[in-house]
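Given the coordinates of chain A, assemble chains B, C and D onto it according to the supplied hints.
The chain contents come next:
4 protein chains.
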Amino acid sequence: MKYSFKNDYSEGAHPRILDALTKHNLTQQSGYGLDEYSLQAAKFIMEKFDAPNAAVHLVSGGTQANLTVISAFLRPHESVVAAHIGHIFTNESGAIEATGHKIHSVQTIDGKLRPADIQNVMNEHQNIPHQLKQRLVYISNSTETGTIYSKQELQELYEFCKSKNLILFMDGARLGHALTAETNDVTFAEVAKFTDAFYLGGTKNGALIGEAIIINNPALQDEFEFHLKQKGALLAKGRLLGIQFQELMRNNLYFELADHANRQAMKIKAAFSEIGCDFLSETFTNQIFPVLNAKQIELLSENFDFYIWKKINNEKSAIRLITSWATTDETVAGFINEIKKLK
Amino acid sequence: MKYSFKNDYSEGAHPRILDALTKHNLTQQSGYGLDEYSLQAAKFIMEKFDAPNAAVHLVSGGTQANLTVISAFLRPHESVVAAHIGHIFTNESGAIEATGHKIHSVQTIDGKLRPADIQNVMNEHQNIPHQLKQRLVYISNSTETGTIYSKQELQELYEFCKSKNLILFMDGARLGHALTAETNDVTFAEVAKFTDAFYLGGTKNGALIGEAIIINNPALQDEFEFHLKQKGALLAKGRLLGIQFQELMRNNLYFELADHANRQAMKIKAAFSEIGCDFLSETFTNQIFPVLNAKQIELLSENFDFYIWKKINNEKSAIRLITSWATTDETVAGFINEIKKLK
Amino acid sequence: MKYSFKNDYSEGAHPRILDALTKHNLTQQSGYGLDEYSLQAAKFIMEKFDAPNAAVHLVSGGTQANLTVISAFLRPHESVVAAHIGHIFTNESGAIEATGHKIHSVQTIDGKLRPADIQNVMNEHQNIPHQLKQRLVYISNSTETGTIYSKQELQELYEFCKSKNLILFMDGARLGHALTAETNDVTFAEVAKFTDAFYLGGTKNGALIGEAIIINNPALQDEFEFHLKQKGALLAKGRLLGIQFQELMRNNLYFELADHANRQAMKIKAAFSEIGCDFLSETFTNQIFPVLNAKQIELLSENFDFYIWKKINNEKSAIRLITSWATTDETVAGFINEIKKLK
Amino acid sequence: MKYSFKNDYSEGAHPRILDALTKHNLTQQSGYGLDEYSLQAAKFIMEKFDAPNAAVHLVSGGTQANLTVISAFLRPHESVVAAHIGHIFTNESGAIEATGHKIHSVQTIDGKLRPADIQNVMNEHQNIPHQLKQRLVYISNSTETGTIYSKQELQELYEFCKSKNLILFMDGARLGHALTAETNDVTFAEVAKFTDAFYLGGTKNGALIGEAIIINNPALQDEFEFHLKQKGALLAKGRLLGIQFQELMRNNLYFELADHANRQAMKIKAAFSEIGCDFLSETFTNQIFPVLNAKQIELLSENFDFYIWKKINNEKSAIRLITSWATTDETVAGFINEIKKLK
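Protein chains in written order, with full-length UniProt numbering: chain A, 1 to 343; chain B, 1 to 343; chain C, 1 to 343; chain D, 1 to 343.
To be clear, the hints were calculated from the coordinates, so they are not data collected in a lab. It is possible that some hints are incorrect.
Remember, identical chains collapse to one label, so a pair may be satisfied in a single copy or spanning two.
Stated by the list, open to error - Once the Cα atoms are required to be at most 25 Å apart in a straight line, the calculated BS3-like pairs of lysine-lysine come out as:
1. K23 x K2
2. K295 x K267
3. K310 x K133
4. K23 x K6
5. K311 x K133
6. K6 x K340
Okay, chain A solo, but in the shape it has when bound (with noise of 0.2 Å):
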């Protein structure tokens, strides 16, 4: 079978995960996230994240982490600003419009929201109240397409909404790949400063399945778990993501994880590099975008499987190829002996 670079979550969990679940088994424990694991992990996270004063909640996936914080959030009458590419604008059925909420999009270079973008959506709604309130600003770290932010924009957006009376709201499907890249400039306390909250991803960087939600701002805490169990969101059995955070926060696992996911990609990426391709778009997480003429993609998907992303010309598409935390170094170095063979 050919392996495949499609996503991160095609795998199972990082085998500490499966010997604590083991080893916790038949261990009784309060339901709904009460039990001794989630406890721990929040506090690991708090510490990790240097937000002593943050609220900690663990979901199953990153639609549910993002249709639940939003509309707990907002107000009937207050949208959402996100990129184009954003995963909630694109990617989610309308998870944000089912609960009442409208998402004004910008188009972007890279996939990254700036403060001018904001204001351009908050200039062309001021016919009030024909027109709606922004209210939250949605950004993903790193985004759909690989890119992240450096401290200096995070830390502008993060003003601008401040000035503004915005609520910023960071995706952290893969916030471990951002802030583990070489190019990253953002520390773990700051994400923590420069957000109102945010989430750690657990799906795409060894759990089995969770996500963390992070509240920072604690005007925004107060009595979410209503909205947790209102949106299927709390799971009676919540020690299956207790023991899976309290694991990957153990010791750095995560990032430790992410690291490598991001090592494998780049690895590949200096490949493409040697044999003068070109990218989609400049990344240094776990996504990469080469390239590609028709034949090249061809012998590459002999051995490969990957998603053809976008066309570029009608020769040419650019590929997505995304590492884990799962990637062997045997993988990599078969897939860059494929890559050499294409010059």
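Same frame as chain A, now just chains B, C and D:
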């Protein structure tokens, strides 16, 4: 630490599930429910319930199953009829109403809905269009008080629903316990035959998490995946659910576990009966509700945890005891010893 | 054609309203509630209710008022408490639930909610976050059975609500009738003082259409216009509502019309009393519910239309009679003649 | 006071409407749209549009019409396609999203949607079920920039929609102006033939308020009254709407009024053309968008009110002028005098 009879989701998963997760851990699979385990689990379920044309979808929790199913099946002006103690009416924090639908509640003796109950609701809602159109009947089996539907009851309810153009949906969070109760006379095939849709609960019967939604009525199957995605119920790593249900359905494990839980409860029930104890309701599943005086409750509480469920009078209250697949013979024997002392 | 006592919205508008519409017809005005008539109407209302800091919004109907107010005031996990016969619970086709909020209903003797009723609902919803947070109490004055709140009842209810962080909202579709009832002891100022918001109904008291929403609690006034627009309640030609309420509030016309309707009902009530008739409820507003036998109902039906409201026993039923601003002395005299024949 | 060309809802109603309201004022009628005027108005409309099997419903405003129709027609996972300047996308404060549905917007040259626009949206939403199912196409005629659909354009759009299982819904807030434009070639019958539903606006064409929803497609007519009630759109005194539309449709008054408005606009347009003025868009309805320099705008503003619509460059802006049934020849002559001075 005290042993807890508070619920049936205090432990992890049956060891065969953990083994299977470990065994398949590094096999790459498609995401979003298209992994081979989910497909195999669906086959097993369809075979078991003799429902070759059913659509099977695996989700992570019961509230999620309920809200996704109900909102997918109804148009905005259609409402739900449920028992007053129905889980969706009292214990899901308005999850159904949050999708826009009213639930009409009916007081029942034993948690079970009967045709006359539904007819009464319909009779009271004749002032069209000022009053809503009832369209879906929600029942739980076993019910929230541990009772079960007989074949005749289920069939009559289903036939009534068909005659009134009502959808019959069964919450099967504890369906295994219902179907393996010693008084049960409903076959697996009849569950599928006499409902439009139901779900089979894993969380309360040996899985880490997971509920299997089975849609029998072909008219209701269409485009259900969109609703799963929109409600945050479509897991990227659907394999986690697939592997679990594959194991649970293989060689009948699921029903063996439920049967085990029922038997443990029946032993405890017998012990209470022997000391002359009354029960809040006559149950044959894994929930029992003995009525005790304050002194008896205090004594039992010394070494065991449980909920005081309902005050009966100034002297007595019913407690709730729930057994599970993980309740051992030793635990039960120890508890029975304590019961004997209460006389 | 038979005269109808079925409701108080069978005719058009008081002639002074039609005159004013004609008089101002060609004067150009701003749209969306910013016309000078709406502003003047708001002033009149604020003066009448001694509520100088209230926010007043005119909308076209009662269901619209209820759903816009309630959905604007609540967060997604907050619910409503109402009497079982409350208009929003039984006669608005799920309008409130369609905005995502559950209504907890309470059985009452006379359609009026009391603190103990609400406390009971709160007591039954302590299992947080599995159960909802009650946040808004909905009452009608006069109620759906024609009864009214005394000053003491209203004050106690309001103080209870404040002590529990509950919003008190009064549906005033027939508030004029309540406040002009001979048994009423609530002043205009007390209506505003002892509610967070209420509305004053025009549709059932002499307007073509229209209800005036008055938000007393400043914390609830913010950005309400967005909600009006979003729910389709903001009329481009708000002038239609403004002119009507300006006329209704000018020189107390609104209350004179309600008083007239009440007086007509009281004359009819006296006639039924004289022949020894019982009533379903003791009312002093424009709704009366005499209990008659089948023969009597048949006789009265020959020349008059009304609803048979409730079967009392095999012989008798209560009928509902509603008078209005347009019910003439001649009509009442004719009807009383018929009543006398029933003895 | 300055005369305002800001919109077509600045005045009250055509005098024949006020006369009819007065004439029928004390006639008792059934409520909720069952009055004889509403029934007659429906008949007139069905005759005019040659749509004997249509269902006609009268509501008070355009946003209300849009949100009630769209939410009634769609299931939760179905979305809407609209022009970027479509009223529902930009000017209804998220009314459609508040009912749970996403609107995909399309940039257009002239405010009109074409099959290719919709096909593009569908092409970009092939990743099922992560992306939504497009189900309803929303168009306005005349559009928000005053342009109109030709017969060929409408027919092609409708046929495309049918081939793709899409519902075609026309917002006719200014449908009268479209159908009486000198360049219009769409017959009344073709409006009904080439849409699944549309509405005919009264508010902007001589009524006090009111829009008539016409549902041509029988598959979409079912149980629509529930939705009207649930969304607060069902007026107790439906007679107000019935009387107005009865008068508007009797003897073609509605279309005479629209034609009058168009003619006044065309006279003004000709005057601007004569002085060599450009227009933002070429319109033949009651909206015109002449492009003027700052000095010209200042001069015109001395005696007339209008919106500055869009900045064209540093020197010039387009203004928006709207005429109505109430715009007199004298006003137009006076305004043309001012235009002549601008040369």
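Going through the hints against the structure:
1. K23 x K2: Answer is between; shortest inter-copy Cα gap is 20 Å, intra-copy 34 Å.
2. K295 x K267: within (22 Å within a copy, 64 Å between copies)
3. K310 x K133: between (34 Å within a copy, 22 Å between copies)
4. K23 x K6: This pair counts as between: shortest inter-copy Cα distance 22 Å, intra-copy 32 Å.
5. K311 x K133: between (37 Å within a copy, 23 Å between copies)
6. K6 x K340: Within one copy only: 20 Å inside, 61 Å across.
Consistency note: the structure conflicts with none of the earlier hints.
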